[in-house]
Amino acid sequence: MLARQRQQLILDEVGRTGAVKVADLVAELGVSDMTIRRDISELAGRGLVDRVHGGAALPRMASSHEPEFATKATQQVAAKSAIARTAAALVRPGSSVGISGGSTTRLVATELLDVPDLTVVTNSLPVADELYRNRRVEQNVLLTGGMRTPSDALGGPLAVAALRGIHLDLLVLGVHGIDVRAGLTCPNLLETQTNRALIESSRRIIVAADHTKWGVVGLQTIAQLTEVDVLITDDGLDKAARDQLSELVGELVIAEGS
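Just so you know, the UniProt record's numbering puts 13 at position 13 of the sequence shown, and the rest follows in order with no gaps.
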């Protein structure tokens with residue numbers, strides 16, 4: 001196989017999943033570790049991928065760049081589904097739950113369709129739509145007001161005002177990025193304000209985020225990692241990152257089947 005063919009396959013895989021490991025590429029393409037690393041170096045030199053520990057990832061965007069919801073919904077689907085199942089298992093019938101915007105949190109909503117007597121407060125249009133249209137048991141779904149963002153979430157002063165005085169048992173929070181120093185981050189200032197209000201209204205914070213969010217830093221910090229009670233991610237997160245997160249969050253959970 002020619003170098004350009006290998007590199008196109010690497011680009012296709014990174015574009016499909018967000019990140020790829022050198023070891024997986026070696027097994028799939030039947031070439032040496034050195035060859036794959038050389039291909040990744042060339043692609044990185046052209047700005048097509050970012051070199052990361054053990055592999056390659058999509059190039060980092062500016063901290064204010066916010067992908068559309070429809071784009072995010074097609075990425076890391078298997079991992080996000082496993083994370084959603086794990087997060088939903090922590091929700092008990094009769095509880096009050098906050099659900100923030102995001103493609104992973106929308107999948108959490110799908111997993112909650114059969115949980116009775118929930119009161120769900122959300123700023124996510126897809127989450128509210130999923131629970132309203134497809135629910136099979138009695139649930140109360142409350143949607144905040146606010147200005148619509150590219151992630152199909154509502155943010156800003158109206159959303160924050162709607163959350164004032166609300167008391168939730170737990171919050172399932174989706175994030176744009178996770179970083180040891182920056183914490184949980186978001187590229188949209190209006191959405192950041194709303195996420196902070198959701199956190200302040202909740203007794204327990206559950207973050208649902210796939211491994212590609214690790215090392216990504218958005219424009220503004222939502223919360224520090226020490227504020228997180230449970231962080232649920234997938235098995236694509238490397239050991240070094242797991243060790244760092246385990247020291248900061250209350251509990252790190254790797255979703256089974258991811």
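It should be emphasised that the hints constitute simulated quantities derived from the structure, not laboratory data. Every value quoted in this text rests on a predicted model; they were computed, and no experiment measured them. Any given hint might turn out to be false.
Computed list of lysine to any residue pairs in SDA-like fashion (alpha-carbon distance at most 25 Å, straight line) [what the hints assert, rightly or not]:
1. K21 - A78
2. K239 - T226
3. K21 - G54
4. K21 - V52
5. K21 - T110
6. K21 - G215
7. K239 - M1
8. K239 - V217
9. K239 - G257
10. K21 - M1
11. K239 - V77
12. K21 - T226
13. K21 - G47
14. K239 - A44
15. K239 - V253
16. K239 - S81
Going through the hints against the structure:
no.	hint	verdict
1	K21 - A78	holds, 17 Å
2	K239 - T226	holds, 19 Å
3	K21 - G54	holds, 6 Å
4	K21 - V52	holds, 9 Å
5	K21 - T110	violated, 30 Å
6	K21 - G215	holds, 16 Å
7	K239 - M1	violated, 32 Å
8	K239 - V217	holds, 20 Å
9	K239 - G257	holds, 18 Å
10	K21 - M1	holds, 19 Å
11	K239 - V77	holds, 22 Å
12	K21 - T226	violated, 29 Å
13	K21 - G47	holds, 18 Å
14	K239 - A44	holds, 24 Å
15	K239 - V253	holds, 13 Å
16	K239 - S81	holds, 22 Å
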